[in-house]
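Trainee: Chain by chain, the residues:
There are 2 protein chains.
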Amino acid sequence: MEFHYKDSACVSDDEIKALSSSLSSYIEHLREIAEHDTYDEPECSIFLPYDNDLYEQIIRAKEEKISSRLKYVVVVGIGGSNLGTKAVYDALKGHLETLNPNQFPKLLFADTTDPESISYLSNLLTTETKDFSEIVINIISKSGETLETIVNAEAILQHLKAKFGENIIHRIVITCGIDSPLWKSAKEQNITILGIPETVGGRFSVMSAVGLFPLSAIGFDIDKLRMGAQDMRKTCLNKEMSENPALLSATILFKQAKDGRTINTNFIFNPRLESLGKWYRQLLAESIGKNGIGLTPTVLIGSTDLHSVAQLHLDGPKDKVVTFISAKTDSNESVPNERIFPNIRIEVTGKKLSDIVSATLESTKEVYKKKKIPYTEVVLQNISESSLGAFLQFKMLEIMYLGKLFGVNAFDQPAVESYKTATIDRLKQE
Amino acid sequence: MEFHYKDSACVSDDEIKALSSSLSSYIEHLREIAEHDTYDEPECSIFLPYDNDLYEQIIRAKEEKISSRLKYVVVVGIGGSNLGTKAVYDALKGHLETLNPNQFPKLLFADTTDPESISYLSNLLTTETKDFSEIVINIISKSGETLETIVNAEAILQHLKAKFGENIIHRIVITCGIDSPLWKSAKEQNITILGIPETVGGRFSVMSAVGLFPLSAIGFDIDKLRMGAQDMRKTCLNKEMSENPALLSATILFKQAKDGRTINTNFIFNPRLESLGKWYRQLLAESIGKNGIGLTPTVLIGSTDLHSVAQLHLDGPKDKVVTFISAKTDSNESVPNERIFPNIRIEVTGKKLSDIVSATLESTKEVYKKKKIPYTEVVLQNISESSLGAFLQFKMLEIMYLGKLFGVNAFDQPAVESYKTATIDRLKQE
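The listed protein sequences derive, respectively, from chains G and F. First residue of the first sequence? That's 2 in this note's numbering, and the numbers climb one at a time after it. First residue of the second sequence? That's 2 in this note's numbering, and the numbers climb one at a time after it.
Among these hints, one or two may not hold up.
Chain copies aren't distinguished; within one or between two, either way the pair holds.
[Unchecked claim] In silico lysine-lysine, DSS-like type, Cα no more than 27 Å apart, as pairs:
| # | residue 1 | residue 2 |
| --- | --- | --- |
| 1 | 164 | 353 |
| 2 | 259 | 240 |
| 3 | 259 | 366 |
| 4 | 353 | 421 |
None of these hints come from the bench; they were simulated from the model.
Bound-form chain G, shown alone (with noise of 0.2 Å):
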């Protein structure tokens, strides 16, 4: 992964020095968290990609559901039980599959109560699989009563039992906090369980069950996204600031909110990231979204965006700091020699679709930086387990320090009580 800001973050590298160094401490704090490999502090989740009893326990759970009839793996779950595995698929897969419907085993993502998608899914379950060992059903959630994740499960176990029986409960994983109520009702009916520590937050979680249980059911080399995650974490806990990106992006975004740029542009230049995109907007918003303060994550796709919000970007108000996303992609694919409208942008005839990316990006780049709009850049080697294992831990980084610049509790959600108090007192009235 490559991350670059000199001479377009808009900051000063002493200010970014300065900054940096009010958090020496913090990252010497990280660093023993690192070393104790337990579950007892809220930057916990540093440890998940070491975890190996963790992976040994999903390697079971693997063995004992999943064979070569697997078919769909459906994630119901939502928020932080169900972004990091959907950023994962989407970027590897996912993206493409309305492009590539025959290409099993698939997953399948129930978030939100849309009745429609719920029949539809449901409906699919039943008339596209001839037997139930075709399908994994994993309901995931922290607390183990997720209003929208018990309503999602329930509802298509009941299509799903009409057609293979009472034996569909051997087909359930549940990923949840330990002794929560999913987690007691589980036990009781010898449903397959894996924990979720106590003290990894929901948007902090992709590297435990929650994202590694269904990435891997499903295929995907679960080691390689560890891997690539334990690298980063060695990176963005370096002390010499120059060489920790995680570090550096939390300054800038820092600096450039002060200075009243409170939106964050997430541009990326590759559709099939548009999820990690929305796991990052999570991350950012419910972590440093707090007292007042906050920074306003949004996601864009390049160069499709271009054509939607660039107007706006370039000549609205100075409100916005922009990560460019991008990776690195071997395809051949080309405009033709020989073409049908051969006198039309006669400068792309023969030119490779991903060089026509890349100038898209340099120009837009090249634009912002005339416009004095602040940005950064991230470029992945290549979309993989690994490369996506890192930019989730190098984000994950990111924001710890950006809380302790903010002076926020990077890791709870105190707010959202109030609307999820409110639904359950109007269910229990109706």
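Since chain G is already given, all that's left is putting chain F on it; use the hints.
Mentor: The following block gives chain F in isolation, referenced to the frame of chain G:
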């Protein structure tokens, strides 16, 4: 369509009245344009749903190109050339496609020059069809030389030519500006052409051939789409403020932006409408984002993104004005009475999923109101051609009023030329 704002928009009726009054001569102007039925003025897109010549031209092109064998219509276009079409398609069909893969015909979209998307798309078209009558390639570009559109069209067509031969050009429909480079080249080769009036900008063009041809080609009732827009045009040209939702919405967005709430969150409580939100994102960003002012639109899905950004919304900076969008549904999908986990969330036992969505939306509004986060609410009667046509027209007129209030030209986008020119220059040098 319902529009609600009382007690929630945090703008007094007197303020709304004063702002509305300032627009009375503009409403008069729009009403005159509406009577003229020509394409002279920048606002002339409001004539499109009434243009019967256009409608007949679409029907003729459809009769010429489309048979019952049709499987795929590929929309090759970007920004204003595909966002409206994608909004309607995803709402009616596209969003549920992954869960309902065997229903044809389908729309496929090629916008950015992503090499892998284009390879997969071309592979699908050549392996999943037997005959070229199963395919239509609709190339859409107002300028007739949009970089991404030309690149993608050439890349896709080379693969189709390799399988189907030179005659593949008879499966092309070009939608472009009259006398543009694409128009001329298509004329020379006897390719079917549909024109876009010079004065209709991309983001206002969904009711032109840009949207109507592909939506009609795959069997949607574009007459109902037009009727929905026609009815809404009448409503949104009403001089009586309280009867005119476009006027109300524009004045509220304007007043809130003046008070520092420059982020417009479109919080959509139905995942099928996400692309409709993205269509509006361009409409708002590109029309109003100029001269240092502008609102930044964001698109969120409820309840999914409550689990992602609610913390930021409820306890972060006071910079957001929210538009809740939902649609009534008649689905009976429910949580069963005989449950797998009967003791968890007993309040949902036997409840309809649509009622759970409603309870979540109502509770969210209740909490936003308590926190004094200003919002308006749009409720569609259902998701149909008619209700979508109405919504599209509502928002296009809202933006015209908003442009007037801000004193900006809502119909140009001068800043986007910079990155386009820089990209072309770079490609010429390579």
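Trainee: For each hint, tell me whether it holds in the structure or not.
Mentor: So, going through the hints one by one against the coordinates:
1. Proximity of residue 164 and residue 353 under a CA criterion of 27 Å is satisfied inter-copy only: 21 Å between copies versus 50 Å inside one chain copy.
2. With identical chains, the CA atoms of residue 259 and residue 240 are at most 27 Å apart within one copy only, with a shortest distance of 24 Å there and 44 Å across copies.
3. Within a single copy, residue 259 and residue 366 get their C-alpha atoms as close as 23 Å, which meets the 27 Å cut-off; across copies the closest is 30 Å, which misses it.
4. In this homomeric assembly, residue 353 and residue 421 come within 27 Å of each other (Cα to Cα) only across copies, at 18 Å, whereas the closest approach inside a single copy is 50 Å.
When each numbered hint is compared with the structure, no violation occurs for any of them.
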